[in-house]
Each structure stands twice: as structure tokens, then as C-alpha cells.
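Visitor: Each chain is listed here by its residues.
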Amino acid sequence: MSSMISIDGLTKRFGPFTAVDNISFSVGSGEVLGFLGPNGAGKSTTMKMVTGYLPITAGSASVCGFDVVNQSLDARKKVGYLPEGAPLYGDMSGLAFLNFIAEIRGFSGSEKKQRVDQAIEKLQLQSVINKPIDTLSKGFKRRVGLAQAILHDPDVLILDEPTDGLDPNQKHQVRTLIKEMASDKAIVISTHLLEEVSAVCTRAVVIAQGRIVFDGSPEELSAKSPVHNAVTIKLTADATDGIKSDLQGIAEVDRIETVNGGNSLLVVPKDGAQIIEKVSLLVRDKGIEVDELYVERGHLDQVFRELTLSA
Amino acid sequence: MSNTWVIIKRELGAYFSTPLAYVFIVIFLALSGALTFFMGAFFERGQADMASFFSFHPWLYLFLIPAVAMRLWAEERKAGTVELLLTFPIPTWQLVVGKFLAAWAFIAIALALTFPLWITVNYLGQPDNGVIIASYIGSFVMAGGYLAIGSCISAVTKNQVIAFILAAVVCFLFLMSGVELVQAFFQPWAPPFVLDAIQSMSFLSHFNGIIRGVIDLRDVIYFGSMIGVFLFANAAVIDLTRGS
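Protein sequence lines, in the order shown, are assigned to chains F and V. First residue of the first sequence? That's 1 in my numbering, and the numbers climb one at a time after it. First residue of the second sequence? That's 1001 in my numbering, and the numbers climb one at a time after it.
Mixed in with the good hints there might be a few duds.
[Unchecked claim] Computed cross-link-like contacts, DSS-like style, restricted to lysine-lysine with a CA-CA straight-line distance of at most 25 Å: (1) V/Lys1078 - F/Lys112; (2) V/Lys1078 - F/Lys138; (3) F/Lys131 - F/Lys77; (4) F/Lys286 - F/Lys234; (5) F/Lys113 - V/Lys1009.
[As the list claims (entries may be wrong)] To give an idea of the interface, some chain F residues facing chain V are shown, with a C-beta separation under 7 Å as derived from the structure: (6) Gly52; (7) Tyr53; (8) Leu54; (9) Leu73; (10) Gly85; (11) Phe100.
If you are wondering where the hints come from, they were derived from the structure by calculation, not from laboratory data. All values derive from a computational prediction rather than experimental measurement. All C-beta atoms in this analysis are idealised placements derived from N, C-alpha and C, irrespective of residue type, glycine included.
Bound-form chain F, shown alone (with noise of 0.2 Å):
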């Protein structure tokens, strides 16, 4: 896995304000990787310099070994970029934009519209191609604004917020498109949607104040909850106390806390450990009679508080 792009104590100050404060990472080819923060945590500050938009302060980026500032040409030409919000030509056709973008891409004759066309199946832009852009609705503004990026078959693909504002039907759509695009491409999405995170990317950098505070695959953000790999038992019957004493005798639990006023149980083990055969075991044993029993995979909402807050 070579690196595609490679980011070494990117900075980047607004006068007295730090909006990216030494950042350090790279992707490598078929990585998808999910740029997690709250507003203003510097995602698109990031995006921004390394497809060459914003003047970097300090540190350096390449793209595919290219210098973002020093072969600004040679690294846009790899790149295939999505600007938060999806800015468009609104007067322009969608036809007509990509013909636009497939020319700027250099690309003309029956190449031009191989390109083009191939980005009009891929986002199912075939309905709406002839109308202007400005009549269309949000989530085919943000498909036409994904083919322009896609058009050139680039190496890296930087998408911000690809999905936000679309129906949950759109959503899908655009991340089995990352995922299907993904084998041979670095792509970075930024999104605040966590759920995102698990369904496409490969891994997750959350940042917050302008500064990586974690960097790791999806399961690895969801084991830092401290729920995670807990158990959640919903009884049929209001919980006793002998229950919870019963669940308490097991070695890996640390607490048990109740839930949804009395007849669920939430048994958080020591260091996230695996206590679900335990636990059924017990129940079983015991002849105690659940209606559910599951695992937590630990809430990424709650690891994203705390990991943003603290910072």
C-alpha cells in the first residue's frame, strides 16, 4: 500500500487563529478514510490546502508524491475534489457542466464524452442531465457535483460532506459508490455523520481544535466507548436484586447500571471486555427470562463528545 497523499505538520493560521494545528498523516491506496470533527475543527481548512485551494502556513502535503505548493499543477491533476457544498454553474445544464469539466480535464473528442457519460450511469444523472442545475433538487446538485469529481478517474479523491443533505436512500447510493470506487483510489470524506464512518470508511482521523486527537480504524473510535462490548439485558420482569448480584459475581464486570426504568440492565465489563458467553451462560443457568439480550458496540456519538470536548 503506497501512500497517495501524504500531509507532514500541515498548519494553517487565519492571523492570531490556529484553524489546523500540526497535522500529520497519510492515506495509501484503497483506504477510505473517514475525517471526523464538530464545525470548524479545520476538515475543510485540511481539504482545502492539500487540493491546493488555501496557501499552506506551515508544513507541506503531496498528492501521488506531488507537492501540493510546489507542483500545485501536477498534484490537481490527480486529484478529484468535492467542495463543501457542492458549489455548481447553476445556469449550466448538468450535460453541459461536465462537458465543461471533462474539457478543463483535458479530454475532448469521443474520449470527452466517454468520460462524461460513464459519470452520468454512475450517479443515474440520466433523468435530469438536460436541465439546468439550478432547477434541480439537493441530493442530484450533490450527484452532479460528485460526477464532475469522479469524471477524470483521479487517484485521490477528496469528497466534503458527500452525503450531507441527502435522503437516506441517496446516502446509500453515494457510499456504495465510495466503497465500489475505493479498491484502487485514496479517498478522504469529511462528515459529521458517524454512522458514515462505519458503513464506508477504513478507517477514521478525528480532529478537533485543529488537532488529530485519534487516528484508527472504525472499530478501534467504537472501542473507546466506554460501553463497548457491554451487555444489555432486557428483562420480562422488573430486575431484583439477586439478578444483579448474580451478574455482579462475574469476574470481567465492572458495574451494572439500569436502564428504561427497571427492567433493563446495562452490564458494562472491565476494559470492554468479551463477557456475552458469561452473561448468557448465567442467565441460562439461572433460569432468568429476558426478552432481549445484546451486545453494545459502544456509541460513537459519545466517544466523539469526549474525545472533541476534551480537546
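Chain V: place on chain F using the hints.
Guide: Chain V only, in chain F's frame:
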């Protein structure tokens, strides 16, 4: 150069995609016609020339060119498409030149549509067509000067109205510096080289030279360097205002 051509095509298309372009052309033709015939006393002068047509161009352009130029960059910045544009694999100067040439071509179209007047003059008398051609070229080159200023100022703001007003003000300064009123103000106390400098900066002095039928190299260089300097400034402004 092919990149610039792609930009020119898109920009020209953008002008004609809304009725605004046609409205502009109609206003330009109506206004230039009205000024020629009523203010310029085209018939009463009893001369077969187009001086009464061209002499109003510096004033006409003062408002019409900023109107053409105002959207060039302000609109891109407002819509955020400038971020697309500046992340394409194209150098900034090609974008600046492409947009400028598209707007200039649009003005050329408007100017070319005044041809019935030329035909009329030729029908009514025997004008010196050399002077008329020189005047057309002069008018076109001067329009380029106004346009470069307008394009540069359009990059300063996201607001097209502000871009229009600022451009009109700056163009006005360049225009007025050649007017006798302004010259008279400086004459009593300013040293002659300052007077010369102020006058030589004026659109009016250089344009008046050309419409007399004399295409002086200095006038052409003047307008050419105006265009060059302001387009250079335009690219600099774009780099300075990235992301703001």
C-alpha cells in the same frame, strides 16, 4: 492555450444563458444611438463621419463595462465555484485571461452590432472609412482597459453591486484625469510633469487621439499596458482573497 479557450467558451455561454446579455446589448445600442443622434447632433452637424458616435463611448463605457465585468469573479466567489475553478489543473493567469477575453468578446459583439450606423454614414456621404476603422479599434481597445479594471475589482468582493460601483468609480477617475476641468484644477500649482502624468493616465486623452484617425503607438501601448497591469493585479487579488 486550450485551457483558456475552454474558459472563454464557458464564460461566453454564461453571458448568453440569461436574458441579461440581450438586455445589455439592446441598452448599449439604444443608448449609443440616442447619444449620437440627439446629444451628438449626428444630422445637424452635416458631416459624413462617426465622431458624434464615438465621442460618447468613454462615458457610455463608464457604466456599461462595469456592468459586464461585475459578475466575472464576484459571482464565482459568491457561489463558491471559485473553489472548483482554482483547484482545476489550470494556472490562475489562464483563468483570468480566459474570463477577460470572454467578456471582451462579448463587448466586441455589442460594438459590432452598431454597424448599421456605419452603413448609414456611407449611404449619406463619403466618410473617411480609415478613421472609422481606427475609431472602432480605439473604442474596442479602450473597452478592454475599462474591462480589465472591472475584472480586477470584481475579484475584490463577493457582492456584484459593490463590484459595479467600485469599478465605475475607478474608471471615472481614469476618465476624468484628462478632462479640462480637472486639468485646470492642477494647472496653477502643480509642476508640469505632474500635469503631464495625470493627463497621460487618462482614457480620454488617448482615446481622443485615436478617434481623430491617428493610431499612435503610444496610445495602443497605453491601453495594452492598462490591460496588462490590471489583469496582473486581478490574478494577485484572486490569490490574496482565497478562502475569505
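Visitor: Look at each hint and say if it fits the structure.
Guide: Here is what the structure says about each hint:
For a cut-off of 25 Å, the pair hint linking V/Lys1078 to F/Lys112 is broken: about 29 Å separates their Cα positions. Taking the CA atoms of V/Lys1078 and F/Lys138, the gap is about 18 Å. The hint holds against a cut of 25 Å. Annotation: proposed proximity of F/Lys131 to F/Lys77 is violated, straight-line Cα distance about 28 Å (limit 25 Å). With a C-alpha separation of about 15 Å, the suggested pairing of F/Lys286 with F/Lys234 holds against the 25 Å cut-off.
Between the alpha carbons of F/Lys113 and V/Lys1009 the distance comes to roughly 17 Å, so the proposed pair stays at or under 25 Å and holds. At about 6 Å, the closest approach between the beta carbon of F/Gly52 and any beta carbon in chain V falls short of 7 Å, and the interface hint on this residue holds. For F/Tyr53, the suggested interface contact is upheld, since its CB lies about 5 Å from the closest CB of chain V, less than 7 Å. Residue-level restraint check for F/Leu54 holds (minimum Cβ-Cβ distance to chain V is 5 Å; threshold 7 Å).
Given hint, F/Leu73 at the interface with chain V, holds; its Cβ is 5 Å from that chain's nearest Cβ, closer than 7 Å. At its closest, the beta carbon of F/Gly85 sits 6 Å from a beta carbon of chain V; the interface hint therefore holds under the 7 Å criterion. Interface hint status for F/Phe100: upheld, as the beta-carbon distance to the closest one in chain V is roughly 5 Å, under 7 Å.
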